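Residue numbers (this note's numbering), protein chains in the order written: chain A, 1 to 227; chain B, 1001 to 1238.
In case anyone wonders, no lab produced these hints; they're calculated from the structure. Treat the numbers as computed from the prediction; the structure is a model and nothing was measured. Watch out, some of these pointers could steer you wrong.
[Stated by the list, open to error] Derived coverage of chain B by chain A (criterion: at least 3 residues anywhere in the stretch with Cβ under 8 Å from a Cβ of chain A; other residues may be distant):
id : segment
1  : 1105–1116
2  : 1150–1157
[To be verified] Listing some non-contacts, in silico: residues in chain A with all C-beta distances to chain B over 12 Å:
id : residue
3  : 26
4  : 42
5  : 95
6  : 134
The C-beta atom is built at its ideal place from N, Cα and C for all residues, glycine as well.
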Amino acid sequence: MNEPLSILELVKGATPLVLFVMLVLAVASVVSWVLIFQRWFALNRVQREMDDFEDEFWSGIELHKLKQEVDAQEEGDPTGIESIFIAGFGEYQRLSAQSGADPDAVMQNVQRAMRVALNREEERLARHLPFLATVGSTSPYIGLFGTVWGIMNSFRSLANMTQATLAAVAPGISEALIATAMGLFAAIPAVIGYNRFAARVEVLMKRYEAFTDELTSILHRAAHTAP
Amino acid sequence: MNFVRDYGAPLVLALLLHAGVAAALLRGWDAEADEPQVVTPRIIQAQLLVMEKPVPKPRPRSVPTAPPKPKPAPAKPLPKPEPQAPKPPPKALPKPDPEVERRAREEAARQQRLQELMERSTKLALDEDVAEESVIEANTMTYADAISRAIVAAWSRPPSARNDMQARLQVDLTPSGDLIGVRVVDTSGNPAFDRSAETAVRKAARTLGTFPVPPEQSLFEAHFRHFTLLFKPEDLLR
């Protein structure tokens, strides 16, 4: 056996438990990468939409017209910053249409509606991030478990031999270490992705809140100046 | 539909990424394997141990090389029968007895024949001995070889070992092959070297359990109960 072991051979020769650990880690890695790409695209889209919407919002367009535009362009439920706008301004429109509404009561309702929309948006932005955090923090341990198990086995088989050679344990250890490598391979992108996306979600939420405050102040002014 | 829109592209990307990584890993691994590693070991591969031929061969040579002296003939032709003839007359010179003379001659011939016979048989025995000796020698060498191989395998020479060093150790074994003792009889001048040689013998004994020794009692007694080993590092690069 003078040719080096192929990695495939090593994986095939692993004990069932180590194989299972490897499988779990491979699945975790694939899923976390799927989520990383998905979050990446989603957050990029959210940011782009927000930039577009804010440009439009501050272009001096009438809020009624803006709401109609938004309602017209969205085939489904509005998402992102638009949903906050729709929630707040829609509530304002509905309440102020009723005669004799107290401006303070109207504003309270508007704020509540926007807060609900904000929470929903935050949940939508931060979706899947807990999974990335879990993969990032646990998959090294899972890999380590597989490695420890594999090394345990290879040493146990060593105990049956009269002559202890490195060649007897080396394949087992090598095969067991693949589990740790896979664990790290799954964990590192997940941790990086989690940190990156958590920071971006925070930035986006800050902008949502700022927009919410601005819309609140605009509507507040409108409610109190309205006859 | 919604799911496909949201997760289709990420899924494809993730799978592509993993496939790429797996392919790179497999291929890289193999490519590395293809390169033959030609590393000439800096360390020595040498015949380190010389099993000395056991020195005194207490083989009982049953037949001495010199043939035994013919026994003095029982019939001595010289007994002077003095008391018989107290004062013989001068003419009474003892005449050689013809009978006695004949017997003496006969005796001499017999002796010669005997001696011839003996010489021949001695030669035969010697020839036989030589053949037997070579078998024994081969046997001895087999066992000695096994022992010395085990000791060489167990020997790790100290860094201070040099080519011209040699240490002679005496090893004592029981008939079962257990190590009784080992001691340096001829030091190399380097204590570390001596110690390493001693350690090698002990380590070999530990690994093997018992040294292989011939079951024949005489062979063991002759060659293996006490034997000396010459340790010398050869072909050291330094």
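(message) Just want to verify: residue 95(A) was marked as not at the interface with chain B; is every Cβ pair farther apart than 12 Å?
(response) holds (32 Å)
(request) Quick one: work out the minimum CB distance from residue 26(A) to chain B and report holds if it exceeds 12 Å, violated otherwise. (result) Incorrect as stated: the minimum Cβ-Cβ distance to chain B is 8 Å, not above 12 Å.
(message) Just want to verify: residue 42(A) was marked as not at the interface with chain B; is every Cβ pair farther apart than 12 Å?
(response) Violated, since 7 Å does not exceed 12 Å.
(message) Count the residues of the segment 1150–1157 of chain B whose Cβ falls closer than 8 Å to any Cβ of chain A, and tell me whether that reaches three.
(response) violated (count 0)
(message) At 12 Å, judged by beta carbons, does residue 134(A) keep clear of chain B as stated?
(response) Residue 134(A) is indeed farther than 12 Å from all Cβ atoms of chain B, at 17 Å.
(message) Can you confirm whether chain A covers the segment 1105–1116 of chain B, using C-beta to C-beta distances below 8 Å and requiring at least three such residues?
(response) Coverage by chain A is violated for the segment 1105–1116 of chain B (0 residues, Cβ < 8 Å).
When the structure is compared with the earlier hints, violations turn up for hints 1, 2, 3 and 4 and for no others.
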